[in-house]
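Colleague: These protein sequence lines are chains E and P, in that order.
Using the working numbering, the letters of the first sequence correspond one by one to residues 4 to 796.
Using the working numbering, the letters of the second sequence correspond one by one to residues 4 to 796.
Worth flagging that the hints you see were computed from the coordinates, not collected in a lab.
Do not rely on the hints blindly, as some may be mistaken.
Copies of the same chain look alike in the list, so a pair counts if it works inside one copy or between any two.
As the list claims (entries may be wrong) - Subject to a maximum C-alpha distance of 30 angstroms in a straight line, what follows is the list of computed DSSO-like cross-link-like pairs (lysine-lysine): (1) 517 / 607; (2) 517 / 689; (3) 350 / 689; (4) 126 / 348; (5) 553 / 508; (6) 126 / 689; (7) 768 / 508; (8) 362 / 654.
Number of protein chains: 2
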Amino acid sequence: MDTSLPQPITDNELSLLDRYWRAANYLSVGQIYLMDNPLLREPLLPQHIKPRLLGHWGTTPGLNFIYAHLNRIIRQRDLNLLYICGPGHGGPGMVANTWLEGTYSEIYPDISGDAQGMRKLFKQFSFPGGIPSHAAPETPGSINEGGELGYSLVHAFGAVFDNPELIVPCIIGDGEAETGPLASSWHGTKFLNAARDGAVLPILHLNGYKIANPTLLGRSSDEDLQQLFTGYGYEPLFVEGDDPHQMHRDMAAAFDKAFDRIRQLQQEARGNEAAAPVPRWPMIILRSPKGWTGPKSVDGKKVEGFWRAHQVPVSSCREDENHRQILESWLRSYRPDDLFDTEGKLKPELQALAPEGDKRMGATPYANGGRLRQELNVPDIRQFAVEVASPGGSQDQSTAVLASYLSEIFRSNPDNFRLFGPDETASNRLGRVFDVTNRTWMEKIEAYDEQLSPDGRVMEILSEHQCQGWLEGYLLTGRHGLFTCYEAFIHIVDSMFNQHAKWLKVSRKLPWRKPISSLNYLLSSHVWRQDHNGYSHQDPGFIDHVANKKADIVRIYLPPDANTLLWVGDHCLRTWDRINVIIAGKQPEPQWLTMEQAVEHCEKGMGIWPWAGNEQPGSSPDVVMACAGDVPTLETMAAVDLLRQWLPELKVRVVNVVDLLALQTREQHPHGLEDGAFDEIFTADKPVVFAFHGYPALIHRLTYQRNNHRNFHVKGFNEEGTTTTPFDMTVLNELDRYHLAQEAIMRVPGLAEKASEVLDKLQEKLAEHHRWVREQGEDLPEVLNWVWPASAR
Amino acid sequence: MDTSLPQPITDNELSLLDRYWRAANYLSVGQIYLMDNPLLREPLLPQHIKPRLLGHWGTTPGLNFIYAHLNRIIRQRDLNLLYICGPGHGGPGMVANTWLEGTYSEIYPDISGDAQGMRKLFKQFSFPGGIPSHAAPETPGSINEGGELGYSLVHAFGAVFDNPELIVPCIIGDGEAETGPLASSWHGTKFLNAARDGAVLPILHLNGYKIANPTLLGRSSDEDLQQLFTGYGYEPLFVEGDDPHQMHRDMAAAFDKAFDRIRQLQQEARGNEAAAPVPRWPMIILRSPKGWTGPKSVDGKKVEGFWRAHQVPVSSCREDENHRQILESWLRSYRPDDLFDTEGKLKPELQALAPEGDKRMGATPYANGGRLRQELNVPDIRQFAVEVASPGGSQDQSTAVLASYLSEIFRSNPDNFRLFGPDETASNRLGRVFDVTNRTWMEKIEAYDEQLSPDGRVMEILSEHQCQGWLEGYLLTGRHGLFTCYEAFIHIVDSMFNQHAKWLKVSRKLPWRKPISSLNYLLSSHVWRQDHNGYSHQDPGFIDHVANKKADIVRIYLPPDANTLLWVGDHCLRTWDRINVIIAGKQPEPQWLTMEQAVEHCEKGMGIWPWAGNEQPGSSPDVVMACAGDVPTLETMAAVDLLRQWLPELKVRVVNVVDLLALQTREQHPHGLEDGAFDEIFTADKPVVFAFHGYPALIHRLTYQRNNHRNFHVKGFNEEGTTTTPFDMTVLNELDRYHLAQEAIMRVPGLAEKASEVLDKLQEKLAEHHRWVREQGEDLPEVLNWVWPASAR
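For reference, chain E alone in the conformation it holds in the complex:
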């Protein structure tokens, strides 16, 4: 490896680099303001200006400044850099730079690299039918949308894990830096192994203001910032000022130092297999004025270096001649004729500053992960199948069974699969993966510590935000992964889920963006088995949130046992461009289906379990007992057992649903069952008692268009929870076997009077339960020991 230090920047380089920066700034202003006369070859007239001025200038010159300097670094060192643009609405800068380097026109040939293309480039920005004002899926080179703030740095770390040749300069605005997720993201270095992972270079860009307020870090002293980031584990390098000449010199020197240091740390780690302590990685703190190089003031009010530069520094430029003159002077201050030739092309000496081919940050395949994605090597799920001699005849921990499968995934995919979770891998009974790998841990390891290693592939931090963000960054750069989480606390990332779903929806429509692996959630420790942790840990509403998203993006699975979980887990890991949510229990529970039955059942998404009911072939049942979720399935089966014992003449059908969104119509969801098939399962007119894992309203929302919806009676979580026993949780929410049996009797026309004795017996069972559980602190033996009497039938 070449260890000679690169030379400091020369005056000539600096002058070219400044012109390149001016070109990017010019293009950024043009995007915000102009719809014609892109090169100002004629005086600026009202009709050249967009009717609605939308866009964000304030952060943009700084982003352009960084981009230009990174181009220099790439050419100098032949590096693979992925530019993550954290600041909200930094879109104009990203678009300008990718146009300058040629990638924009390659991807969007209609936006050519000349005056005509420039005119279209300007008009389309924040314009109907055009492009958004932040770095979005449409923006070449981007994996991080600058819409909702807080996730740039966690995405950066996710991107470099297992990508040793990648360095991610991550620009963090001082607004974004105030968010919680960003504040915890700084710890990412403590999970980054310099030997096998790439590097992140955080660039904290302090321009002092948000929309209408100063920023906290912008007002912090250099001394406090130095201490804060040293305390986080970094070596901060400061670049501060507003004089472009000096700033170019300082920035080039800071980058030289930072990239030298990264190379040094990587060389040290890669030449040495022994676990090194966490190195002190470099970071850059860049203080530059908000709206740098824009109007100093407008109408006597300060603009540059103040929050008024945040969006459109000078408004009403169509109507107000004075404002229009300010705009024109501003644009001309970049001297477009010094930058673009007569055809509007970037002058050759400036073109030469950009890297080439895939080294261009707009073209890097790391920002279009589907180009790098390798299919996951998956084992045959049959080798992990649980033997089910008779339905319900044996018990197993479903997630523990899945863990054996996941162990094999780790074995067969040593460098492109990771498991993420907030300190809950063992708690969720996935401990078997530790037979194959460890938890990632770069800090000191004590002699008595267990399952920690610098090359571990299970990533645990007590932050759902970090788990989600790391996984997103990992997937977006072409790898595979799974996030396991307590069900209630996955709501912490509701909004990150939203943004990822939006990213997928848009990128699926862009032919140049290749498919990436799906984002998979395994929610265990779910609402029904948080009896020990209590009400704060009981919330099944994440799937309601998920169901709001576009049908082609989301899937929700509720496997009732281990073999169905194996099928579902394997299926999800092999899909792309989706978000899959799997909910499965971690406690010992009855196993219902053999592997063959599980495959058939899961492929259909839902179906009748004929062995569980007692309807006669050819005639329809009196009642359909439907269930979705492992605990609802257990309670439904126990209810059916009671009904078949106590009311043998009642004809019961049992239906189990695995693929929840298949309840919707085909029009609403691609997995939706056709109406005929749906009616064959649920009948057109019989009562359906539906025991559901989540809030009952979700089943109504999914089925309200179905013929038999009026007869759907759903039991589910009703916000009645506390610290109690598992069975009492179901009783509190009336999802237990006794309430389900009562509901069935009440809903079959005319049955209640005939079966009044059975109703009384069920009521007595509930009373007995209440007495017992409050006294003994555990469930009734008859509940604990209940077994589906399959052998008896």
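Got chain E; can you put chain P on it based on the hints?
Modeller: Only chain P this time, still in chain E's reference frame:
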């Protein structure tokens, strides 16, 4: 003021304090394990031990240690302290200490302060029908549930704002410290004015491990921690070790120093009206072993000082005699006979260590905010009413009108109302409040800065988590407030909303917890007016999330104009123990109702707008055009205008819904309309075209039990959004006037054939829109200038 320094702790004090700590530890272990034989007056037998061992020991001895030392500080200095227990599942410690000081038995007389009470105290913990394992609403002295982690410190700051006599020692576990919300909470001091606010003393409790992993900060060096927290702006004081004697001495000295420093900073600020810079507040970093004083090892495996101490350090104590002996030795190591008298009462010399009356941390009224709550002084909304000479005849910015009302609230409630928002107060058009107050800002203020002041009452930080958490802390200690936020990004606090709703549900059932003011959200910059910010800013799903919660807790309001917003805003601010969500636009929009009409309409929650339709008295309409939300109302009115012009024979009814949950049945929600009243509005059998602000599924979910539900055809947000114009947003989601008119025609039986020309005209309108908006970049003049032709009728 007395400025003499308190004396260092004496040996005698230290010995008593250690006994008090042992008593709390004994009671904590007892809660986790025992259901009988509470004082170990007989040998420990299997039947004395609970059948299910649930609870968390690891963090508890440290919490008890801090509690005992804080008691000393309170007595020594006569302070009001509120103990915030951040660590998850620290319940046993909080319960033990409040029992020792007597508050537990005062609140729950059945749990008396003797052996019999102790037995019940032990049994109820994590037992069916008992109490949760974390500091929950049931726990005296608590305002922060240790279930979902991350919010202790932000709650602490919320509690002390405008409470100059309160100091909150806030214990932060090293697990919780890894979360994003906690990481950003450290900035709270930058909003804390020592002159008018109380103080927070953060106590970072590093016990080294989470459930199954080391912690990041636990493994950090003291040097890094020193730098990190100095960088955040604190002065850290370290207390480290495991020898109780030395630790008592060190902790007492650290507390003396910290509370001296707090007093000094407050005295300086309070004697000096000039804005002081942010002082460097003290904090304590306490390193002590996880499971301190518990079993060192069990079955040859390390327990104390390791993650195995997290929950139940020694299990199966009923079945395993060896384990039972470990438990018994452990319990006896605290020497219960040295702590409790023959009746099981805490010995008098130890009782004397606790503060008295409301100074006891379990009894402080600050932790039961309803005891301190003053009614808000509210002005008459009529003085802010917009004049509406004819419906739709004028335009106004609804949130700007509300801002005048809020200004008056600020004027009349100078010390117990605050407005919270993530840098969006001005953006949400609430700028008029700055006529009365400023943004809270303790850092340096530049000459050109605007609306910043150390005594400002508008709190802005770019963190929805901080806004939400500050407001929760502020409300829970008895004050009033409002959180304004972009609609899409309120999902960031979905999970915090959950936990607050759960807190309210439980505390409403506890007679000793007095009602607190409702948590009010004003969501502006909503989905339909994020055309300039694009798809990432477009999400109306928060109300779906809200609607899952218990009906008696939540309300959702969609006022269509300024006067209805005034009524709703005023109403929400006067309620208690609820969570109110208000969605209202910030852009100029038509004003429909006079103040008198608005009051009547809002009190009903929904109703027919007779002046807008053309049905004949006594006969029923052909179609009901319903709407909820300001933009859907505008588009519905424009659609009705078209229908009335082009199909005058069609009888149209217009219905507007303000109080969304009134759509549910009375059984489902206390505001739900009776079925008869509902049918009078929506008819029993006519088509209803419902233009809705949010996802259409929510309307179906709320109305599926209604007689006419089959005829509900809902248009709303369908995940079709981008950067475009306001009207194009509605077209993309088919919520615009043309699609609504088409829908009405298609849904009235037999009308489509008769009105085919009208359908064609509507289609042509849509085509014209598409052509125009893509070319001109703004909406069609006929759309921009449309006015409800009220005067013509």
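Colleague: For every hint, state whether the structure bears it out.
Modeller: To see whether the hints hold, each was checked on the structure:
1. Proximity of residue 517 to residue 607 under the C-alpha cut-off of 30 angstroms is restricted to the intra-copy arrangement: shortest distance 29 angstroms within a copy versus 53 angstroms between copies.
2. Taking CA atoms no more than 30 angstroms apart as the test, residue 517 paired with residue 689 passes in neither setting, with 47 angstroms inside one copy and 48 angstroms between copies.
3. When the C-alpha separation of residue 350 and residue 689 is checked against a cutoff of 30 angstroms, the pair qualifies neither within a copy, at 76 angstroms, nor between copies, at 68 angstroms.
4. Only within a single protomer do residue 126 and residue 348 lie at most 30 angstroms apart by alpha-carbon distance; the minimum there is 17 angstroms, versus 80 angstroms between protomers.
5. Taking the closest pair of Cα atoms, residue 553 and residue 508 come within 30 angstroms of each other only inside a single copy of the chain (7 angstroms); across copies the shortest separation is 33 angstroms, beyond that limit.
6. In this assembly of identical chains, residue 126 and residue 689 lie within 30 angstroms of each other by CA distance neither inside one copy nor across copies; the values are 59 angstroms within and 47 angstroms between.
7. In this assembly of identical chains, residue 768 and residue 508 lie within 30 angstroms of each other by CA distance solely across copies; the values are 28 angstroms between and 50 angstroms within a copy.
8. With identical chains, the CA atoms of residue 362 and residue 654 are never at most 30 angstroms apart, being 68 angstroms at best within one copy and 66 angstroms at best between copies.
Checked against the numbered hints given earlier, this structure breaks hints 2, 3, 6, 8; the rest are met.
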